[in-house]
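Protein chains: 2
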Amino acid sequence: IGQQTDLGQALDNLRYNEDGLIPAIAQQHDTGEVLMMAWMNKASIEETLKTGQVCYWSRSRQTYWRKGESSGHVQKLVEMRIDCDGDTLLCLVNQNGPACHTERPNCFYHKVTGDKIEIITEPN
Amino acid sequence: IGQQTDLGQALDNLRYNEDGLIPAIAQQHDTGEVLMMAWMNKASIEETLKTGQVCYWSRSRQTYWRKGESSGHVQKLVEMRIDCDGDTLLCLVNQNGPACHTERPNCFYHKVTGDKIEIITEPN
Chain V
1280 IGQQTDLGQA LDNLRYNEDG LIPAIAQQHD TGEVLMMAWM NKASIEETLK TGQVCYWSRS
1340 RQTYWRKGES SGHVQKLVEM RIDCDGDTLL CLVNQNGPAC HTERPNCFYH KVTGDKIEII
1400 TEPN
Chain S
1280 IGQQTDLGQA LDNLRYNEDG LIPAIAQQHD TGEVLMMAWM NKASIEETLK TGQVCYWSRS
1340 RQTYWRKGES SGHVQKLVEM RIDCDGDTLL CLVNQNGPAC HTERPNCFYH KVTGDKIEII
1400 TEPN
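Here the protein sequences come in this chain order: V and S.
If you count the first sequence from 1, you need to add 1279 to reach the working numbering.
If you count the second sequence from 1, you need to add 1279 to reach the working numbering.
Because the hints were derived from the structure by calculation, they are not lab data.
Values in this document were obtained by computation on a predicted structure and should not be read as measured data.
A few of these clues could be false.
If chains are identical, the list can't say which one is meant, so a pair holds when it fits in one copy or spans any two.
Calculated pairs, DSSO-like style, for lysine-lysine (alpha carbon to alpha carbon, straight line, at most 30 Å) [what the hints assert, rightly or not]:
#1 1390 <-> 1355
#2 1321 <-> 1395
#3 1395 <-> 1355
#4 1321 <-> 1390
#5 1321 <-> 1355
#6 1395 <-> 1329
#7 1390 <-> 1329
#8 1329 <-> 1355
Take these sequences, add in the hints, and give me the full structure.
And the structure:
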């Protein structure tokens, strides 16, 4: 515990996929609610750490995805963690408003129930 | 809320990557602790749902990764959820023992602190 290594080196050594991306899980820091999962590249990780607001990389638009930039549903970064083998990030955040583009609190609203999928939350 | 669709169809329609894989987040069902992230293919999802024990797909070994098969650190599935755009799974589980292969409770034990990375948990 407490052992420290250099951040820049760690970011260089993350196991990005062939598109230079790494999955980032957003979790509400105080309730533990898993809000969403999206992708970051090195530049968006650096921007997230610099600004304190979560910035993903949009795979469809091939550009920065500053979460909440248009909706106002920003994610303030509370803490960033890296997993054991450096291929996944966990962002503890403070989510403003709904995290999901469907206006639901989080993106995981389809629940498997027997041989069905059931919707478990409504848009806010 | 409560709207149901067919599970088989939903599993067919998941947005697997070019290797037929989808990221699956494991979260401890009662504490909200995010334990790990790994990958599943359709067959491992079906096995997970059938057996009630989480089964990933090992990208390095290219075979089923029945979590805890050798270590005993199994993940009993409590609930499986699918996100809004069908490209990520959230598995609420009951983790037996440490989730991480380092014998830590979860895999996210590197914390970004300023320009350093700090280890925040020790092996159990």
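Hints, one by one, checked against the model:
For a Cα distance limit of 30 Å, the shortest separation of residue 1390 from residue 1355 qualifies both inside one copy, at 27 Å, and across copies, at 16 Å. Proximity of residue 1321 to residue 1395 under the C-alpha cut-off of 30 Å is restricted to the inter-copy arrangement: shortest distance 16 Å between copies versus 39 Å within a copy. In this homomeric assembly, residue 1395 and residue 1355 come within 30 Å of each other (Cα to Cα) only across copies, at 20 Å, whereas the closest approach inside a single copy is 35 Å. Taking the shortest Cα distances, residue 1321 and residue 1390 sit within 30 Å of each other only across copies (16 Å), while inside one copy they are farther apart (33 Å).
In this assembly of identical chains, residue 1321 and residue 1355 lie within 30 Å of each other by CA distance solely inside one copy; the values are 18 Å within and 34 Å between copies. Taking the closest pair of Cα atoms, residue 1395 and residue 1329 come within 30 Å of each other only across two copies (14 Å); inside a single copy the shortest separation is 43 Å, beyond that limit. In this assembly of identical chains, the alpha carbons of residue 1390 and residue 1329 lie at most 30 Å apart only when taken from different copies (15 Å versus 36 Å within one copy). With identical chains, the CA atoms of residue 1329 and residue 1355 are at most 30 Å apart within one copy only, with a shortest distance of 12 Å there and 39 Å across copies.
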